[in-house]
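Each chain, written out:
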Amino acid sequence: MTSRPFLRVLVSPAALCALGFVAALAAVMQYSLRAYVPGSLEPGGFTLENFTALMKPLYARVFLDTVWICFLTAFFTLVVGYPLAYALVHARNVALKSTILVITVTPLFLGEVVRTYSWIVVLGNNGFLNSMLLKSGLIEQPLQLMFTRFGVVTALVHVTLPVMVIMLAAALSHIDRDYERAAASLGAGPIRAFLTVTLPLSTPGIIAGVTTAFAWTFSAFATPQLIGGGRVNMVSNLVYQLGFASFNFPFAASLSVAGLALTFAVLALMRAAARPLERFGPH
Amino acid sequence: MKRLSMALGALALLLTSIPATAQDKLVVSIWGGSWRDMAANIIGKKFTAETGVPVEYITGGTIDRLNKEKLAKGNPESDITFTTSHVGWLYANDGLYEQLDLAKVPNARHLVEQAKISPYHIGTWAYVYTIGYRPDLLKGVAFESWADLWKPEIKGKLAAPDFDPSHLIAVAAMLSGGDAATWEKGQTKLKALKPSFKAYYTNDANSQQLIANGETPVQVILSMNAHYMAGEGVPIQLVIPKEGAVLGIDTVAIMKGSKKADLAYKFINIALDPQVQAEVAKFKKGSPVVLDAKVDADIAKLPGVFTTADQWNKQAIIIDHKLRAEKTAEWRKWFTENIIN
Numbered sequence: 001m002t003s004r005p006f007l008r009v010l011v012s013p014a015a016l017c018a019l020g021f022v023a024a025l026a027a028v029m030q031y032s033l034r035a036y037v038p039g040s041l042e043p044g045g046f047t048l049e050n051f052t053a054l055m056k057p058l059y060a061r062v063f064l065d066t067v068w069i070c071f072l073t074a075f076f077t078l079v080v081g082y083p084l085a086y087a088l089v090h091a092r093n094v095a096l097k098s099t100i101l102v103i104t105v106t107p108l109f110l111g112e113v114v115r116t117y118s119w120i121v122v123l124g125n126n127g128f129l130n131s132m133l134l135k136s137g138l139i140e141q142p143l144q145l146m147f148t149r150f151g152v153v154t155a156l157v158h159v160t161l162p163v164m165v166i167m168l169a170a171a172l173s174h175i176d177r178d179y180e181r182a183a184a185s186l187g188a189g190p191i192r193a194f195l196t197v198t199l200p201l202s203t204p205g206i207i208a209g210v211t212t213a214f215a216w217t218f219s220a221f222a223t224p225q226l227i228g229g230g231r232v233n234m235v236s237n238l239v240y241q242l243g244f245a246s247f248n249f250p251f252a253a254s255l256s257v258a259g260l261a262l263t264f265a266v267l268a269l270m271r272a273a274a275r276p277l278e279r280f281g282p283h
Numbered sequence: 001m002k003r004l005s006m007a008l009g010a011l012a013l014l015l016t017s018i019p020a021t022a023q024d025k026l027v028v029s030i031w032g033g034s035w036r037d038m039a040a041n042i043i044g045k046k047f048t049a050e051t052g053v054p055v056e057y058i059t060g061g062t063i064d065r066l067n068k069e070k071l072a073k074g075n076p077e078s079d080i081t082f083t084t085s086h087v088g089w090l091y092a093n094d095g096l097y098e099q100l101d102l103a104k105v106p107n108a109r110h111l112v113e114q115a116k117i118s119p120y121h122i123g124t125w126a127y128v129y130t131i132g133y134r135p136d137l138l139k140g141v142a143f144e145s146w147a148d149l150w151k152p153e154i155k156g157k158l159a160a161p162d163f164d165p166s167h168l169i170a171v172a173a174m175l176s177g178g179d180a181a182t183w184e185k186g187q188t189k190l191k192a193l194k195p196s197f198k199a200y201y202t203n204d205a206n207s208q209q210l211i212a213n214g215e216t217p218v219q220v221i222l223s224m225n226a227h228y229m230a231g232e233g234v235p236i237q238l239v240i241p242k243e244g245a246v247l248g249i250d251t252v253a254i255m256k257g258s259k260k261a262d263l264a265y266k267f268i269n270i271a272l273d274p275q276v277q278a279e280v281a282k283f284k285k286g287s288p289v290v291l292d293a294k295v296d297a298d299i300a301k302l303p304g305v306f307t308t309a310d311q312w313n314k315q316a317i318i319i320d321h322k323l324r325a326e327k328t329a330e331w332r333k334w335f336t337e338n339i340i341n
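From first to last, the protein sequence lines stand for chains A and B.
Mapping of the first sequence onto this note's numbering: position 220 corresponds to residue 220, and the numbering continues sequentially without gaps.
Mapping of the second sequence onto this note's numbering: position 102 corresponds to residue 102, and the numbering continues sequentially without gaps.
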């Protein structure tokens with residue numbers, strides 16, 4: 001202890017937070033096992049009915065949709081975010097670097113709801129995108145972009161992008177540039193050097209970014225709620241629709257517990273799938 | 001010595017004045033935004049002017065406030081709570097409300113019968129959920145009955161609230177020969193409406209945005225929202241169908257355990273003052289709940305603003321508030337499983 005005199009003091013606040021989190025989680029677990037009493041705020045006795053009610057195909061479909069939307073969002077965020085992160089790390093011009101950083105990080109300061117409302121303006125039938133396509137003569141009728149999975153994923157990619165870019169940039173900045181120079185000196189062109197050296201070495205960043213984007217998207221609420229308009233639903237929307245808006249807190253709690261279990265299961269699968277790739281990282 | 005006595009005297013005055021101020025403050029729980037502003041500017045100011053007692057407002061969503069008061073049971077955070085009629089029943093069923101003595105609310109003598117919700121809570125203003133549409137985007141389509149929502153022309157154009165399906169549940173049951181209590185009769189009818197839906201809105205702002213940008217040119221819409229958007233220049237036509245429009249009432253109640261019940265009664269009495277009611281109707285374009293309110297003619301003529309007993313009796317579809325409190329979860333679950341998804 002003498003070598004770490006402040007450890008206990010520094011860890012205490014975190015331990016208190018963890019205790020609060022565990023207590024809240026225990027309360028949710030407890031609610032998920034209680035019966036709903038119509039017209040009352042107090043839950044009834046213990047029951048497994050909330051979980052058996054989840055066996056309906058509707059809920060399985062929404063859970064699978066959620067996983068698929070999370071996957072699409074993580075994938076497209078990676079595709080868009082990697083070049084941005086690469087440019088951010090490798091740009092020599094300080095002004096350019098700052099511009100990329102500001103463009104990337106600014107959305108974080110706007111909040112999910114504001115960003116989502118801006119996407120409604122862009123994706124609507126009379127929105128920016130449809131207006132441009134109609135004026136250019138590329139389409140004759142507005143494309144249905146709102147209330148579709150495409151619209152939801154597009155907005156979610158925007159919401160998730162800053163996190164992905166920051167994580168990728170951190171990983172890319174740790175790659176020694178001498179490896180690329182060595183590849184170039186051995187005759188590799190820039191594309192080959194990137195594909196055989198930089199990309200494999202950035203694998204840990206990609207895994208971390210994709211995993212975080214996936215988990216981040218799993219809890220998305222405002223974006224699927226507003227852009228999806230009830231036509232595209234994720235687990236959090238179901239919790240809201242069936243739980244909070246109708247005061248059926250026990251059922252909402254059981255949905256939350258099932259959602260949490262699914263998140264852990266999918267993340268464990270992703271970790272297992274990514275394990276063979278981790279050997280490509282810098283040593 | 002003299003200086004010391006003066007200092008002690010000042011301290012004593014300070015100590016006695018602090019609890020007095022806290023004691024005389026009336027705490028009101030209400031939604032935020034324009035609802036809080038309306039209560040503060042129209043009711044609260046008059047209350048303070050008449051009693052000298054300041055009003056503090058606690059704001060939040062319907063469910064947030066309900067949960068907070070449930071946790072504070074017996075020692076309420078607020079003295080008065082404004083909430084929707086059926087949610088008020090949840091407060092009442094949980095023993096969070098004080099039983100009202102309307103003899104202490106003289107202005108309640110002109111209260112419409114429909115606003116006497118329970119022994120615990122009474123209406124303060126009303127609105128309807130009804131059909132609102134954009135005639136510029138739905139050329140040649142007219143709405144005279146709720147049944148017109150089922151017309152093929154409406155396919156893929158309709159929006160309804162995702163937070164409360166009770167309006168359509170009650171209407172579909174009614175069109176199928178039942179009512180809210182026998183809502184199952186309307187299930188087939190409601191399923192037939194599924195192709196008409198384009199989206200479900202989450203809140204007032206979402207509803208306003210979707211009808212303003214033409215994304216959903218017809219909505220089951222809150223009358224106050226439709227009037228607000230019309231005032232903003234959006235060409236919205238609000239219809240009172242021949243079967244009537246679904247009534248909504250926001251209510252007021254005194255929290256059980258409030259130590260300022262007398263002040264709370266004065267506040268409620270002012271909320272039902274005919275002049276205050278007329279101002280509320282003008283501000284929100286809703287219905288007053290007392291029949292002696294002198295509402296401006298241009299407000300009174302708006303669809304969904306009821307100023308006479310005849311209008312209340314003939315134009316309003318009333319879903320029993322207690323039944324609604326008990327059935328909301330069941331309706332919501334059925335609607336989510338069978339219509340939304």
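Simulated from the structure, these hints should not be mistaken for laboratory data.
We treat Cβ as the ideally placed atom computed from N, Cα and C, and that holds for glycine.
Heads up, a few of these hints could be off.
[Unchecked claim] Label-pair restraints from in silico Cβ distances:
no., chain 1, residue 1, chain 2, residue 2, range
1, A, Gly44, B, Ala205, 56 to 64 Å
2, B, Val141, A, Ser98, 53 to 61 Å
3, A, Ala53, B, Ser145, 31 to 39 Å
4, B, Gly233, A, Ser98, 40 to 48 Å
5, A, Gly137, B, Asn67, 36 to 44 Å
6, A, Gly137, B, Ala212, 20 to 28 Å
7, B, Ala103, A, Arg115, 32 to 40 Å
8, A, Gly137, B, Ser145, 52 to 60 Å
Right, here's what the structure says about each hint:
no., hint, in the structure
1, A:Gly44 x B:Ala205: 56 to 64 Å, "violated, 36 Å"
2, B:Val141 x A:Ser98: 53 to 61 Å, "holds, 54 Å"
3, A:Ala53 x B:Ser145: 31 to 39 Å, "holds, 36 Å"
4, B:Gly233 x A:Ser98: 40 to 48 Å, "holds, 42 Å"
5, A:Gly137 x B:Asn67: 36 to 44 Å, "violated, 54 Å"
6, A:Gly137 x B:Ala212: 20 to 28 Å, "holds, 27 Å"
7, B:Ala103 x A:Arg115: 32 to 40 Å, "violated, 54 Å"
8, A:Gly137 x B:Ser145: 52 to 60 Å, "violated, 42 Å"
Of the hints listed earlier, those the structure fails to meet are numbers 1, 5, 7 and 8, in rising order.
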